[in-house]
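Undergrad: Starting from the known structure of chain A, fit chain B onto it as the hints suggest.
Each protein sequence line maps, in turn, to chains A and B. Sequential numbering of the first sequence, starting at 13, is according to our numbering. Sequential numbering of the second sequence, starting at 918, is according to our numbering.
Note that these hints are calculated values from the structure, not bench results. Please note: incorrect hints may appear among the correct ones.
What the hints assert, rightly or not - With a straight-line Cα cutoff of 35 angstroms, these simulated DSBU-like cross-link-like pairs (lysine-lysine) come out: (1) B:K1640 with A:K205; (2) B:K1573 with A:K56; (3) B:K1041 with B:K1341; (4) A:K56 with B:K1653; (5) A:K56 with B:K1227.
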Amino acid sequence: MAIKTLFVDPSRCIGCRSCEAACRECDSHKGESMVMVDFIDRGKSVATQPTVCMHCNDPVAPCAQVCPVMAILITPEGVVQMAEPSRCIGCRNCVYACPFGVPKFDAEARLMKKCNLCYDRTVQGLKPWCAQACPTGALWYGDYEEFVAQRNGHPVNRTLFGTQQVNTRVYHVLPPEEPMLDIVALLREAEAKEAGTAWQDQEAWVL
Amino acid sequence: MSVNKDIFEINRDFNYDFESTGRTRQQWDAKDAVAERLVPTHCAFCGVQCGMNLKVANGQVIGVEPRDYVHNRGNLCPKGIVAYQQVNHPDRLLYPMLRRGGKGGKLERCTWEEALGYITSRWKDIQSKYGKDAVAVYSGSSMTNEKCYLAGKFARVGLQTRHIDYNGRLCMSSAAGAYTKAFGMDRAPIPMPDIPLADCIMVLGANVTECFPIVTRWVWQGRDRGSKLIVLDPRETPTARTADVWLPVKPGTDVAVLNAMLRVIIHEGLVDEAYIAARTNNWEQVKTMVEPFTLERAQELSGVPAARIKAAALIYGRSATSLIMHARGIEHHSHGVNNVLAGINLALARGQMGKPGGGIMMLTGQGNGQGGREHGQKASQLPGYRHIDMPSERQEIAEVWGVPVDELPWEGAAATEMPNLMAKGEIKSCLILCSNLMVSLPDNALVKKALTALDPLIVIDFFMSETAELADLVLPGSVWCEDEGTTTNLEGRVIKINAAAEPPGEARRDWEILCDLARGMGRGQYFPFQSAREIWDELRRASRGGVADYYGITWEKIDRQQGVFWPCPSLDHPGTPRPFTEKFYHPDGKARFTPIDFIPPAEEPSPDFPFRLTSGRVIYHYLSGNQTRRLGFLNAHAPDPWVEIHPQAAARLNIKDQEIVRVRSPRGSMELKALVVPTIRPDTIFIPFHYGHAGAVNQLTNPAVDPTVKIPEYKVCAATVEKIDQPLPVSGGAPKINFTPQDSPKMFPYAVGETKGPQEKEGKQH
Chain A
13 MAIKTLFVDP SRCIGCRSCE AACRECDSHK GESMVMVDFI DRGKSVATQP TVCMHCNDPV
73 APCAQVCPVM AILITPEGVV QMAEPSRCIG CRNCVYACPF GVPKFDAEAR LMKKCNLCYD
133 RTVQGLKPWC AQACPTGALW YGDYEEFVAQ RNGHPVNRTL FGTQQVNTRV YHVLPPEEPM
193 LDIVALLREA EAKEAGTAWQ DQEAWVL
Chain B
918 MSVNKDIFEI NRDFNYDFES TGRTRQQWDA KDAVAERLVP THCAFCGVQC GMNLKVANGQ
978 VIGVEPRDYV HNRGNLCPKG IVAYQQVNHP DRLLYPMLRR GGKGGKLERC TWEEALGYIT
1038 SRWKDIQSKY GKDAVAVYSG SSMTNEKCYL AGKFARVGLQ TRHIDYNGRL CMSSAAGAYT
1098 KAFGMDRAPI PMPDIPLADC IMVLGANVTE CFPIVTRWVW QGRDRGSKLI VLDPRETPTA
1158 RTADVWLPVK PGTDVAVLNA MLRVIIHEGL VDEAYIAART NNWEQVKTMV EPFTLERAQE
1218 LSGVPAARIK AAALIYGRSA TSLIMHARGI EHHSHGVNNV LAGINLALAR GQMGKPGGGI
1278 MMLTGQGNGQ GGREHGQKAS QLPGYRHIDM PSERQEIAEV WGVPVDELPW EGAAATEMPN
1338 LMAKGEIKSC LILCSNLMVS LPDNALVKKA LTALDPLIVI DFFMSETAEL ADLVLPGSVW
1398 CEDEGTTTNL EGRVIKINAA AEPPGEARRD WEILCDLARG MGRGQYFPFQ SAREIWDELR
1458 RASRGGVADY YGITWEKIDR QQGVFWPCPS LDHPGTPRPF TEKFYHPDGK ARFTPIDFIP
1518 PAEEPSPDFP FRLTSGRVIY HYLSGNQTRR LGFLNAHAPD PWVEIHPQAA ARLNIKDQEI
1578 VRVRSPRGSM ELKALVVPTI RPDTIFIPFH YGHAGAVNQL TNPAVDPTVK IPEYKVCAAT
1638 VEKIDQPLPV SGGAPKINFT PQDSPKMFPY AVGETKGPQE KEGKQH
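Next comes chain B alone, as it looks inside the complex:
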């Protein structure tokens, strides 16, 4: 049965390898240690935030034990099981490092005093010469709410710069934008244990099994009850393998399928008219909009057989309770917001939003992807999901922070706009924490140019990331279980992360570093925090009265009731697990339909670049892979990227399985191994995105962004696959370009300040 051979031999079979792939000797050396205590906490990886217990002995984290938490019931994916091995990892950064010789010099060990002195003197100098906005902050969502909140406050109050944004921009900002527009609130409708109540689960662009393995637990419980499963994905993922209907869509054409499904539902009389009349607006416009989307037209646009679209529409439309789950597959597009809104239209037309087990829920990817986008580290946002351009909301936060409202900066550049400002010299220096831009941003040749133009570039990280390698100063931060705080998982459940160890060497907790920097900038009076709890209490006050109201969520309440769902406006409020049961959060309490027309992706295949390239995750890695590529068990299973290509396409190009091939797009080329498999569309290729340097798929991806939320189009660009001995063409060739920065002024790159089109203004009225 097993194809493993029967002899244990080092380097022969990773299943049985011990230590050699691990690089985690310290953990294994401690294998005889007996745990003194278990620290209950949650996983560092992905938005599910599974409960786990960390085994601690002699102040060291030595292992993991299951924790029976309400949403994972002791289950863990492989990332969760080995997450603890980051703590004493030999690659940890243990002291600050400064490039004393300037650009081109070496990173050398320095003291914290020297590091902080260097930053503050350089920043003061830059800000006095070029203005406050010349220094920017680029943060991330894989850290606690306390740190995310502090990053926003640090930029606006500590540095007084308008330029702060975060990597959530690259993650699910299109879903957040769509939910705000449709429901007036950006939150999942139900907790995960409600998933099995759905009679039909439709997964749109989400490889649930690899990216959110623990959600699969609830999907399968539904399947045991008889739920039907529909999957929309260009690849036959493990999720799609057992689905009732798999819709193998051409990347970038999801709207055609979703609109055609809605049309079938309308024509079959499966629309919930009473719900639409009572709880929604704008239905008639949508009805008119989808009418031209016949099955034939959808088939032609999307490449999905009409019969499959019809079958999916009938299953979805006839199910009493149906749940749509979606993730980056439909969100990473230059029309990502539209894709999500088309899904929302289906859920509303069937009257599902607000039903137990029904509706539409986004699967947020990052550890704290939900909480990190609520408390003001986004370019346009203040804590509590307030908008920085709304005078009344500015006033409220200025009062909490004790600063004059006129001192608060206005909206700054989005994460995807920042590289351009850096390259142009508008941003002179940037502090990057919890992000690895060299792997995560599209078209990384431009990103590299931008980051090298910064002087100084400062990076806080706990491993040497591809971005930190370019830094002028690297500060050693803490991993998740060396600090305490809260995160908000993809359900909207606020949970508590507990500390199990101290940061190693001279490494420090990120919030301590930010507070010290603020003091150095002479703004220490606004950052008097002595503990993460004090930051939490200020966050609660700051969010009070906002859409994402955390005021009533105390750490004690989180422990007592296994997490608290926001909004929770008062101390005696139990939290809101199902926020849309009775109302939506627009002033009239109704949800809004949005008519969505089909727009092609910014770039499509041409004779020069005949494939659609799409990128995504593998189960063994998390985001830019800076953490998981160092964990032996995970890296052993996916040490390098590969390109998935269908056997028909491979045969045409004379490419064999496992052969090294060249993949080229209008922006660059890379060489990697071909995986010839029939589980992908013949006109599509797939490369996982977790790798750096020559393995980064973002050498190829298109930096086109969604006009509303500026999410990049990672999920489709034109590309070609070649044998490596084939000479490169003299001219680069051209893709079919549907949009360029010229004919679509809202596309990247654009001037700062041009970020307030009518759509955004509407988005602000939440």
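This is chain A alone, in the form it adopts within the complex:
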């Protein structure tokens, strides 16, 4: 059976924070958003991007692996849940282990909180609130085949942090030439671009 999951396409994100507003409406964590929208660099561009839990499946959930009390449970479908309140001891191991910076620590409740792919909605065949609300499809829910049939872009679920590779349930949508999301390579490329002079040769955009 096709796996329904989220597809994150930063090129479409308009920074409207519908996903955040929608996430806050969930009855299980009303008023708190597990999705984050950030300007990449407002001093350069209006580009924004949403961050959701990527639900890592290989290695399976680093956050769960480092949890000393097995508070982070993984469903048979491979959805990594938020910490179970009766178990979480607030050690923040998961916060440090996550390569994507997703789990947040609620100091007052002494509890880790993160996206659980709207488990209550998705098990009933509904979309997660964020993807349901998203006006642009920057957050999109469905299976891989549906995505490829309906949309442009190249879904990738492998992220490379230096030499460490993580396969995730959630996809990023990248330009066609990118086989995976290689964070270090992208950072180097950006640095080189900034240091170089190519941008100075661009034609004037206003006269």
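TA: Frame of chain A; chain B shown alone:
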């Protein structure tokens, strides 16, 4: 990836803030409540009118759920998601308040009886001394068709005053004027789900992503199909960021770009001659008019590189199906009608109007911006888009209302003219509903003078707006989901708003208040309404036979077919989603080209005021912000206005990002935070307009208006940016003035009755 820090701490990171920014404790307190039922309705904010379900428990609205409606498919923007939090908001006005001690006194709680008695006795007094027209009504479009219709009838029949106008004047009246002139009907050509059929989408002065986020859904579906995107905007908005061609135009010079594009299209032989011959008039004049608009001249006037204009023209001209979308960016000008007509010329020259997915469509901004401008709350208008100065149309409405036709007043002052009449004392009292003039009208120092001169000023609102603060009497009204009725969205789709709660405290539905006031004025026999549905049925009858014919639209039909498009002249008529497929609505069935010459904005930069100041929306706020500035999630993201300025300009002025600076125009100055970003033209600055008092950009804007429709020029005036420690100059300095009230007699201010130039007379022949 996320720049958010990993610890949850109150006041540190609004993403994770719970309650402290919210001021919506009641909603969160109800977080454990389980919804008893879902009320299907539509959003209160913006002309898209997305479908939504409201969660209701114990008679309280406790949340929102997606609704799979045909034009939004369950999507919502952040405003839509938190709209429900207005309902039990602690800032709601719960009882009438009267300034018993007169001007300078305090607003004190009073009973409805006292409030209504006060109004009617004062109004009767004023009208007997100074004539019927001394009392005015200023209404708005962010309310149901039923209320908009009633506001018009209340003024003409209840008060018998000629002075009623509404905030749609400030919104898209120039687009309405242009569409009426070109097509004989003021309506969008296609429903939103048709947008992806376009091979080229050209967005003129519309920040679609922030102002109409759900329209982006359809634009992206087109992009997935391979549609090209062209954006004309002085700022690199999120819409422009991913466009194929972005035309960074100097505010106020759009016509130069559009005419040059048309010239390229003509010279490349991309004009649809057969369509022009069969379906349009006046083409030759336009062809002659655009000939001098060479790419070089356009580049010089507009600051857009010629190569970009040519690229845009070729993409637009070579696309089999192309759609132009436009909004306030080209409409808020002293030549707003001209800007829209220049866009219409392009669409007609390419033979697009009437094609599935093609043509030109305005993105109407207000919740009921479309419906609110059709049923007679406009100074010149009677229900069904009839004109109040046309004897036959007056007769028709007089019959529906059961009043002698001689009793119907004639055309009154436009919204932008009213402040002057108030300041001069011609208008002694005004009832304002659904509007916040102190934020929304240009040059608000004059507006304040005008409103304080009124005695009494009466405001119906559900939150204490900047305008209500000046009122002598404030009446508590209802929010959108406390009443039922219909609205018409930007597609021309009439949809149904359903009630999910009762108005809180002593607050009342606005139509009940108007009916009571009419009774107080001794005109109750014309206002026998017991429900919104009865008003709707009268509106249907009144619109029958008009251009905007709603007669066949019943509430049941709206539910049955997910909205009904007007015109819908009979009960068995399915509605008209694509009205221009076969004909236009001028007597000869043809569309009209209009030759448009370049006219500069009324005020341009000078050495004293070197920047062009433009204003606009941000996604988190709606109109004057009176609603959205109270909703925690939205306000947390944009609590104060800012000024966007390009790094080059900022470096020249030694201004740092986030520094508080002073922005000054010939009319005033304000201090606000600088946002130094490369996403704006270096000669242009931008300030969002949703804020009141010291944060209102309308302290600076130019009250010049379009000669035909009187829309103000919000989108360009001359201004300067300074460090705050810099002393103010001794003399105010001068901008380059292209038009003044003296050398352009049609500009603001003008005498009432001077509103019927040849252009308007032509506009009436729809």
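Undergrad: Which earlier hints can't be squared with this structure?
TA: No hint contradicted; all consistent.
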